[in-house]
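*Asks:* Residue-level listing of the chains:
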Amino acid sequence: MRLIFVLILTMAIATVVGLGLTWNTATRGVEIGTLTIGPWTARPRIGTSEIDPYARAAVARSGELPIGAGDGITFRADADTAGKKLDGRCDVIVSGVTPPARFWTLTVYDTKGKLVANTLNRYGFTSQEVVRASDGSFTVRIAPRARAGNWLPTGGISRYQLLLRLYDTPVGVATRSQKDAPLPSITMAGCS
Amino acid sequence: MIRWLFAILGGILLGGVVHLVSVLALPRIASQDAYARLDPTLKVNTVMPLPDAVPGTAPMPFMDPAFASAACKYDLSTGSIKLRVPVSQAYTSVSFYTNDDVAYYAINDRSAGRKVIELDLMTPQQKAALPEDEDITAADRLIIESPTPTGLIVMRALAAEPGLMAQAKTALAAASCKLQTEVSQPRRR
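Residue numbers (this note's numbering), protein chains in the order written: chain X, 1 to 192; chain E, 1001 to 1189.
None of these hints come from the bench; they were simulated from the model.
A few of these clues could be false.
Claimed, not checked - When the alpha-carbon atoms are kept at most 30 Å apart in a straight line, the in silico DSSO-like pairs for lysine-lysine are as follows:
| id | chain 1 | residue 1 | chain 2 | residue 2 |
| --- | --- | --- | --- | --- |
| 1 | E | Lys-1169 | X | Lys-112 |
| 2 | X | Lys-114 | E | Lys-1043 |
| 3 | E | Lys-1043 | X | Lys-112 |
To be verified - Where chain E lies over chain X, by a calculated footprint (3+ residues, C-beta under 8 Å):
| id | segment |
| --- | --- |
| 4 | 54-61 |
| 5 | 64-71 |
| 6 | 104-114 |
| 7 | 159-172 |
Unchecked claim - Over 10 Å on every C-beta distance to chain X, these chain E residues come out as not near it, computed from the model:
| id | residue |
| --- | --- |
| 8 | Leu-1076 |
| 9 | Thr-1078 |
| 10 | Pro-1124 |
A virtual CB, placed ideally from N, CA and C, is assigned to each residue, including glycine.
Please model the complete structure; the sequences and the hints are all you need to start from.
*Replies:* In structure tokens:
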């Protein structure tokens, strides 16, 4: 009788630990094969046949289609350069330069990967739309209310993420650091 | 006492096994992955435009709103497929996915190097069965091998400004994805 209880306990622990770990890794992702530059994280192998099992599980769970490596690479950020989670009620400033790429897009998504609805129908900028300074750098302000210059609305949602996608770019599996791929900084200004 | 300790240790070890198995099984059992989401809206071996990537209509998460996209659900069981995608003004790419969302090949307009991206998609068996005729294995014919007999081809055209979206959609509307047997063989001059 005792043995049965022990077995049931073992199975229960196994289920909770196993599925808990899986849920956790598929939702938050693991640091296998990731490339982190400042606040940005990319998975260079996600768009190839060599995609790791954790990334495959995450892709299957979210329902997205990863960008093929011959097409481009996606950098994600859900916190600013100082590590603070991005808040849609605050002014967030993305500024700097991007690595060499034929085109790039910067887009705001909620935590589930949905676009944030707004009256302007503006969800992101492409490299061609963004207004730049004379040295080629740009500044994008992500804020709940209209701002001068390059403004991306957040709709006032609390948590969101930024995706910087580079298309037709040498950045990929061989990229290691900020030197190969200079990415813009993300800073949180005031909150309303 | 020692028996309970064994139960907990054994449970944690077994939990590791459960974790590994479930991670590997997740792509197979996921019912809301991208292929399952797009599957009912697509016709086999036909290019269909995907809904706009705007809130409410976007068929998948993390779609780039700057792109117009179209997809072709392919089935190679009755023969290989010929894909033709005219390139748009800014940037066009073609990505190939297996039926469990692995992006095994992607090409953009510049690496294709022409006004029209032309590709032949076939299974490794079909490729092996190709006659070694010089005319057919000509260098200008790009052959892609699909690891699975079914999958998705996603064509995407960039609208660098919102005003160019109509143009990008028009370019994709002219794309075709047909069984090789339905396409008349190109004649060489």
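*Asks:* Just double-check E/Pro-1124 for me: nearest Cβ-Cβ distance to chain X has to come out over 10 Å.
*Replies:* 13 Å, holds
*Asks:* Cut-off 8 Å, C-beta pairs, minimum 3 residues; does the coverage of the segment 64-71 of chain X by chain E stand?
*Replies:* holds (count 8)
*Asks:* Are E/Lys-1169 and X/Lys-112 close enough, with their CA atoms no more than 30 Å apart?
*Replies:* 27 Å, holds
*Asks:* Can you confirm whether the C-alpha distance between E/Lys-1043 and X/Lys-112 stays at or below 30 Å?
*Replies:* Holds, at roughly 28 Å.
*Asks:* Is the Cα-Cα distance between X/Lys-114 and E/Lys-1043 30 Å or less?
*Replies:* OK: X/Lys-114 and E/Lys-1043 at ~25 Å, within 30 Å.
*Asks:* Is the Cβ of E/Thr-1078 farther than 10 Å from every Cβ of chain X?
*Replies:* 25 Å, holds
*Asks:* With a C-beta cutoff of 8 Å, work out whether three or more residues of the segment 159-172 of chain X approach chain E closely enough for the coverage to hold.
*Replies:* holds (count 4)
*Asks:* Between the segment 104-114 of chain X and chain E, see if three or more residues pass the 8 Å beta-carbon test, and mark the coverage as holds or violated.
*Replies:* The restraint on the segment 104-114 of chain X holds, since 6 of its residues have a Cβ under 8 Å from chain E and three suffice.
*Asks:* Checking the smallest CB distance to chain X, is E/Leu-1076 really beyond 10 Å?
*Replies:* 17 Å, holds
*Asks:* Can you tell me if the segment 54-61 of chain X counts as covered by chain E, using C-beta to C-beta distances under 8 Å and a minimum of three residues?
*Replies:* It holds, with 6 qualifying residues against the three required.
Consistency with the previously given hints is maintained throughout, with no hint failing.
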